Structure formats: structure tokens, C-alpha cells
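K.L.:
Using the hints provided, position chain C relative to the given structure of chain E.
Protein chains in written order, with the working numbering: chain E, 1 to 418; chain C, 1 to 418.
Bear in mind the hints are in silico, worked out from the structure with no lab data behind them.
Note that the structure is a prediction, hence the values are computed from the model and not measured.
Every clue listed holds true.
Taking lysine to aspartate or glutamate pairs in the EDC-like style, the calculated list, with each CA pair at most 16 Å apart, reads:
id: 1; chain 1: C; residue 1: 202; chain 2: E; residue 2: 76
id: 2; chain 1: C; residue 1: 272; chain 2: C; residue 2: 349
id: 3; chain 1: C; residue 1: 161; chain 2: C; residue 2: 132
id: 4; chain 1: E; residue 1: 59; chain 2: E; residue 2: 144
id: 5; chain 1: C; residue 1: 216; chain 2: E; residue 2: 13
id: 6; chain 1: E; residue 1: 216; chain 2: C; residue 2: 13
id: 7; chain 1: E; residue 1: 161; chain 2: E; residue 2: 134
id: 8; chain 1: C; residue 1: 173; chain 2: C; residue 2: 229
id: 9; chain 1: E; residue 1: 161; chain 2: C; residue 2: 217
id: 10; chain 1: C; residue 1: 202; chain 2: C; residue 2: 242
id: 11; chain 1: E; residue 1: 89; chain 2: E; residue 2: 144
id: 12; chain 1: C; residue 1: 418; chain 2: E; residue 2: 111
id: 13; chain 1: E; residue 1: 173; chain 2: E; residue 2: 63
id: 14; chain 1: E; residue 1: 227; chain 2: E; residue 2: 177
Number of protein chains: 2
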Amino acid sequence: MSHTAELIAVGTELLLGNIANTDAQMLSQGLSALGINVYYHTVVGDNPERLRAAVETAKTRADIILTTGGLGPTCDDLTKNVLAACFGKKLVFHEPSAQRIEAYFRNLHPDRPMTENNYQQAMLPEGCTVLENDWGTAPGVAFEADGVRVIMLPGPPRECKAMFTHRVVPYLKELSDGVIASRTLKLFGIGESAMEAQLRDKMNAMTNPTLAPYAKEGECELRITAKADTEGAALALIDPVEAELKAHFGPLVYGVDVPNLERVVLDGLKAKGLTLGTAESCTGGLVAKRFTDLPGASAAFRGGMVSYATEVKHTVLGVEQALLDQYGAVSEPVARAMAEGARRVLGCDLAISTTGVAGPDPDERGNPVGLVFIALATPEGTWVRQVHLSMGRQRIRHIAASHGFDLARRYLNGLELK
Amino acid sequence: MSHTAELIAVGTELLLGNIANTDAQMLSQGLSALGINVYYHTVVGDNPERLRAAVETAKTRADIILTTGGLGPTCDDLTKNVLAACFGKKLVFHEPSAQRIEAYFRNLHPDRPMTENNYQQAMLPEGCTVLENDWGTAPGVAFEADGVRVIMLPGPPRECKAMFTHRVVPYLKELSDGVIASRTLKLFGIGESAMEAQLRDKMNAMTNPTLAPYAKEGECELRITAKADTEGAALALIDPVEAELKAHFGPLVYGVDVPNLERVVLDGLKAKGLTLGTAESCTGGLVAKRFTDLPGASAAFRGGMVSYATEVKHTVLGVEQALLDQYGAVSEPVARAMAEGARRVLGCDLAISTTGVAGPDPDERGNPVGLVFIALATPEGTWVRQVHLSMGRQRIRHIAASHGFDLARRYLNGLELK
Numbered sequence: 001m002s003h004t005a006e007l008i009a010v011g012t013e014l015l016l017g018n019i020a021n022t023d024a025q026m027l028s029q030g031l032s033a034l035g036i037n038v039y040y041h042t043v044v045g046d047n048p049e050r051l052r053a054a055v056e057t058a059k060t061r062a063d064i065i066l067t068t069g070g071l072g073p074t075c076d077d078l079t080k081n082v083l084a085a086c087f088g089k090k091l092v093f094h095e096p097s098a099q100r101i102e103a104y105f106r107n108l109h110p111d112r113p114m115t116e117n118n119y120q121q122a123m124l125p126e127g128c129t130v131l132e133n134d135w136g137t138a139p140g141v142a143f144e145a146d147g148v149r150v151i152m153l154p155g156p157p158r159e160c161k162a163m164f165t166h167r168v169v170p171y172l173k174e175l176s177d178g179v180i181a182s183r184t185l186k187l188f189g190i191g192e193s194a195m196e197a198q199l200r201d202k203m204n205a206m207t208n209p210t211l212a213p214y215a216k217e218g219e220c221e222l223r224i225t226a227k228a229d230t231e232g233a234a235l236a237l238i239d240p241v242e243a244e245l246k247a248h249f250g251p252l253v254y255g256v257d258v259p260n261l262e263r264v265v266l267d268g269l270k271a272k273g274l275t276l277g278t279a280e281s282c283t284g285g286l287v288a289k290r291f292t293d294l295p296g297a298s299a300a301f302r303g304g305m306v307s308y309a310t311e312v313k314h315t316v317l318g319v320e321q322a323l324l325d326q327y328g329a330v331s332e333p334v335a336r337a338m339a340e341g342a343r344r345v346l347g348c349d350l351a352i353s354t355t356g357v358a359g360p361d362p363d364e365r366g367n368p369v370g371l372v373f374i375a376l377a378t379p380e381g382t383w384v385r386q387v388h389l390s391m392g393r394q395r396i397r398h399i400a401a402s403h404g405f406d407l408a409r410r411y412l413n414g415l416e417l418k
Numbered sequence: 001m002s003h004t005a006e007l008i009a010v011g012t013e014l015l016l017g018n019i020a021n022t023d024a025q026m027l028s029q030g031l032s033a034l035g036i037n038v039y040y041h042t043v044v045g046d047n048p049e050r051l052r053a054a055v056e057t058a059k060t061r062a063d064i065i066l067t068t069g070g071l072g073p074t075c076d077d078l079t080k081n082v083l084a085a086c087f088g089k090k091l092v093f094h095e096p097s098a099q100r101i102e103a104y105f106r107n108l109h110p111d112r113p114m115t116e117n118n119y120q121q122a123m124l125p126e127g128c129t130v131l132e133n134d135w136g137t138a139p140g141v142a143f144e145a146d147g148v149r150v151i152m153l154p155g156p157p158r159e160c161k162a163m164f165t166h167r168v169v170p171y172l173k174e175l176s177d178g179v180i181a182s183r184t185l186k187l188f189g190i191g192e193s194a195m196e197a198q199l200r201d202k203m204n205a206m207t208n209p210t211l212a213p214y215a216k217e218g219e220c221e222l223r224i225t226a227k228a229d230t231e232g233a234a235l236a237l238i239d240p241v242e243a244e245l246k247a248h249f250g251p252l253v254y255g256v257d258v259p260n261l262e263r264v265v266l267d268g269l270k271a272k273g274l275t276l277g278t279a280e281s282c283t284g285g286l287v288a289k290r291f292t293d294l295p296g297a298s299a300a301f302r303g304g305m306v307s308y309a310t311e312v313k314h315t316v317l318g319v320e321q322a323l324l325d326q327y328g329a330v331s332e333p334v335a336r337a338m339a340e341g342a343r344r345v346l347g348c349d350l351a352i353s354t355t356g357v358a359g360p361d362p363d364e365r366g367n368p369v370g371l372v373f374i375a376l377a378t379p380e381g382t383w384v385r386q387v388h389l390s391m392g393r394q395r396i397r398h399i400a401a402s403h404g405f406d407l408a409r410r411y412l413n414g415l416e417l418k
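This is chain E alone, in the form it adopts within the complex:
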């Protein structure tokens, strides 16, 4: 039987527009992947009466109520108190949670005494399932009452995502009749609307497995989701669709069930025992930052240069002054020289360089915002890609960095470098 979930976010900061309800997006994706329907999102402020009203409404139309926010000491644990009351449950002191909170606090602030209000967070609905929070202080809570499963998660997106992935998904898996399996193809180099146009008829015709496209920052995802009695049977439904899509999109598919381009690059480098370095101008450290976001990056990453001032491109990376004078910092020859300079100075096998105009204004030579040259230097030579990006400084920087990783993963996988 299929389940219906309603998301209730608690936080006046959402109603004031201080933040967007990104938890709802993350949770909606996760619940859909479990085959659970989400029919409503509701957002209320830090207000007991209005939260109670939202919960009473949700009880009439959902068998899973998932709340985010309102668990911290700063709001008197509003959500826990109201939800417990709505379902006629008492709050009781939960010693293990108190100890976890103490330990967590001590480890975070060895120098600071823990304040009384932190202990409030250990008051939990009687007989509930405690969802241990390894990413913050407020424990999550789950209980079943009046035929409804109630799940409460902390609001900060980082905590909420980790709690959902590691605590809620296992807790809800048992609910879904049959097994839902999914695989996600990651694509770089094609826009979502172009991808969707090529697949629309196919997607509309499919029922099991289903195909869902997602637009990411400069990338696309295709999620294939199948439902069957066993995981093996579900995956068997997915395999042919996956093979067909890979054949259709070819090298645009950079991975399946991989988190991002940089992870593919790191795995490729490790497999071949190669090292990476960076020489960044317009991305200002973003390429190095994204690569070192990966645990274990040190196995392959030598280091990087951020040659933001033109002079530094010469003094640190050894880019010839003549090149800079003749072509300007934002040019194919300088991108090439930066990447080759990084290989030399850092002593790495591969080097990614970026130089371009991230905006807000064109550069002194009149190069337009969004013009970026990305180079990859290798033992077999150097390749340079020129792109014209749009839609704002952060997006230009992000996609320019992605192009660097795309060049590297194409080189490492023996694909055409273009």
C-alpha cells in the first residue's frame, strides 16, 4: 500500500524569507526515491497554535508527518512539545541523549560550560524511537500514533540531510512494499532542457522503471527508479534502461551513482597513480577547494596556485610577460602557460588552469563576462577549452571549474578531449 507524507517546516526565519526551505527539496527527493508520495509542504513560524493547526490538518491527509526545525534550545523545543501534545504523548528525560549532548558539547567547546537549555533537548516523547544526531546536538525523534508516523528532524540543512540519509531512510525502508532501487546517471556538457527534449516521450511512456531528470549547477542528472519484490529484480529492470541511456549520451555521461566530477577525477588519478595540481585565476581557488572537499584528496593532490593578480601569473607560475602583454591574461596561450607552469612548479602529472572573466564587469581588455579558458596540461600535451558562460559570478566560477574536471576525467578515461 502506498504512503503519503507531508512535510512541515517550523521556523519564523522561513516566513521572513531569511532562508529558503531547502530541507523540503532534499526530503522530497529522498521520499520520492522511497516511493512515498509527498502531497503537501507546509511552513509555519515558531508559533505553537499555528504549528498545532498545521499538524491537525496534516493528520487528516497524510500517514507520515515529517517536521524540520524547531528542535533547538533557542525555540524551547517547540516542535517536540507541540507534536507530543497533538498525539497525546508525554515528554520524558532520555539519559543517553543527555550524555550524547554533554559529550558533543564538551568536545566542541572544551572551554565552555554547557548551558541548562541544552538539557531540554534530551526531553523526548515517551516510547519514541530516538534518531541519534551525530551532526549536531538536537536528537531526532520518530514515533507512531493515531495511525500516523511522526518524524522530527533538526532544521539546519547539513544536519537534516545527514539525519535523513542515515537515520530516516533505514527507518522508512520497511514501509515501502517491495524494494525501490534507483541509479543516477550524471551528465556534463548538455543542458537539462536539451536532455529532456530528447527523452520526453520516452519518460512519459515509462511506468516501471521511471526516469526523472534533475538540473544541477551546470550539470544534469537522470534518475532511473524501479520497484520490484527484490533489489535484484529492481536492478534488473534498471540495467537495460541504463545501458540504453549510456549509449545515447555517450561521453556526456561522466558517471553513475557518483557524487560529482571531482570524485571521478580523484578515482581516475588514484587508479593510474597520477597527481594533480591547479593554477587558477577567475575560479580563485574553487578548483582546488572542490577537489580537496573530497576525503582522501591528499593521495593525488599536490597543491595549487591562485594567480589572481596578473603579475602573480608571471612571478609564481612563470607565465612569460610577453604572452601576458600580447594576448592578455584572459587568453588561450595564457591558460596553456598557466597549466604548464603549474605542472612544472608543483611537480604534478596533470594540471588544470582557468582564466576568464567572472564578472560583474568585463576585463580591462573588454573581454565579456563569462568568457573563460580552461586548460589541462598532461605529459602528452596541453588542451585548452574556451567557453562562454552566463548567469552570474558564482555560476560562471562553478561551471568553469567543472570544465577543468571534465577535461581531466576525459583524459583519464581516454575520451576525446574537446
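P.N.:
Here is chain C on its own, set in the frame of chain E:
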């Protein structure tokens, strides 16, 4: 008399998590600025029954219902049909809108004939105020019925924002019986629960202005919000509270209504005509990345080094091998030498360095995950801060970078460097 608005977003893509409800954030900010209370956000899919249910609920608790999405031909103008029905209004053909749609379509697709369903968009509730859409095809709609003001806007964020700013704000201005003003104090170096414990009694006692704490990644915010007849009067209510909080928290307050620490550092550098450079190990480029996220960073940023491999600390930054051998890469002397090396190599006035263990594993010398040394080199000398962070690699890196900016802004503002 004060007004209460409810936002209803229509779109299955929101319930699937394909996109976040950023319209709600934008509209909430705009409505608060008009002194209109927003008590609920609701999201429903492209489903007439559930949209009708959401509207019926909203009618009982709001006197302004603002919908986003569901106006285009792709969803059969769901929102307009349901809202008109809920308030007993017929849809009638609106000739001027039809002409605008034709013109817009012709100029967008000179080659394509306009399809019948585009004309549907010119069917509007009888007697409504038409909100002309200069940014897309679907006109917005506003009408008053059963004591409720109904406003319907298109969903695409770019259209929605332009329509709200240029059509809805003028339409609603007459309603607002006062102005809400707010200021946000940004704090670094104190935890949210500790801050909240110091302020709890004060916060509970306040009504106008109100005081709200927010936890950010490694930081805290204190938002003071006041309501009055004029902005000046509202700010006059805020001023004394702001002064009192600044006095109470002293140098922990790094700014008011500023986006982040790095912006304060950039402004300070520009004011003094100084330049910045970086030498990063565990933050792997994040310090440079965050600083160059700021438009105009090039006015002060020379560049940076990511000396991830220990050897690179020596070859590129000139950290003496003896120091590395004796103390190890994660140490006070090496942090100091990295920052001083960056000043020398990059020719900048100030340099921030980081070296530490971001995890997941302790380093080869057994230094624990979360131990980080952050240094600031200046013409007057070098300061090093040692911190023990927790809660995961990304957070450790982020907060370590923030400590670098905190040292710089303290130096630039003549505050105690500790």
C-alpha cells in the same frame, strides 16, 4: 489593521524536489517589508482537488492569498481555474492580454504559429485587476472576494520576482499599516546556545523590537526587528537595542547587516589600501575561494598558494625543511612560516595561512582530526591561532577559513588579536 498573507505554491516539481521554493523566500521578504505578516507557506502539486483544499484552508486564516505557479498552458492554467472556482468567479476572455501574448510570442518565435493553448492564458477572472507580465506570457491576476485579496503570479523565479516588485508591491502598498525594519548583528566566536542563554530573558521580555537568534555555519546572527509607522521610527526603536548588544558582545560582533566575514575583510583592506594573500593546507583553497566569491575582490586579492603536499610548503612557500621535520606540517611554527612565506612570494601586505587535520583520519604524526593552526602575517608581525574543531571535514574547513578572516578583520579594525 494588520494583514495576514498566505503563500500557496503550485507545482509537482516542488513536491518531487526538482526545485526549491525560492519564490516563497523572495515573496516573504517582500511582504515583511510591507508590514504584512506571513503565517503559512503551502506547496501543492498540479492537482485541482489538493489546490482547492489548500485554498479553502487559507481562506479561513489569511486575508491575502498569493499563489505562484500553475498559470502556464502546460498545466491547463490550473491555478486560475481553481482559484476562480473557489471564489465563485467566471473566467472571461481579456482581449488586451490576448494581444500582449500574441506580441510576446511573435517576438520570441517569429517562425512559429502561436498555439491555441496560449490563448487560454487570456481567460481571466471577471472583474479582476490584470497584472501585466512584461517578463513572460502568463499575465498575473489580482481580485478581491469574500474579504480576501487573491493574487496569482507565474512560477519561474525571474518572472515571479519582477511581477512582485513592479506589479504587486504597488498594488499592496495601500494596505500596509506600518513598516517593518530589521538589522542583523553578525557574531563570530560564540555558540548559538551560549549567546541565547545570555539573552533569553531579554528576548522573552521584548515585543517591539523583537530579538531573534540564528545559528549559521560556525557563526551566530542576532536579528532585531521593529514595526512602526515609518522606517525612521522603526529604526529609532532598533538603535538602542543594537547599541546595547554591541556593548555586551564587544569584538565578537564583526558587523551589522553585512553578508559575511570575508566582506568585512575586503572592505577593511580597500579602506586601508592593503592587499591580501593566502597559503592554505587543510582548507585547500577555500579561503581564496571564499574571498574571491566577492565581486571586486581583485581590488585587494593578490593570490594564494594551496600547499597541500608537505613538500610544496617547502618548494613553493619556502618553509624551511628543518621546521617541517622538527614540528611537522600541522604546527604553530609551520603555520607562521606559511603565512610569512605567502607575504614574501605573493608580495601582499597581509597573508592568511591554515594548516591542520580536516579528517577523516588523524595525520601521520597522530594529530587529531579538527586540530588547525591559523596564522595572519602582517607588516607588524605574525599571529597564530590554534583551534580544535569538530563535526566533519567540510565544517572544519569552513570554520578554519572563517578564523583566518576573523584574524584579518580584527587586525584591520585594531582589535585584540587572539
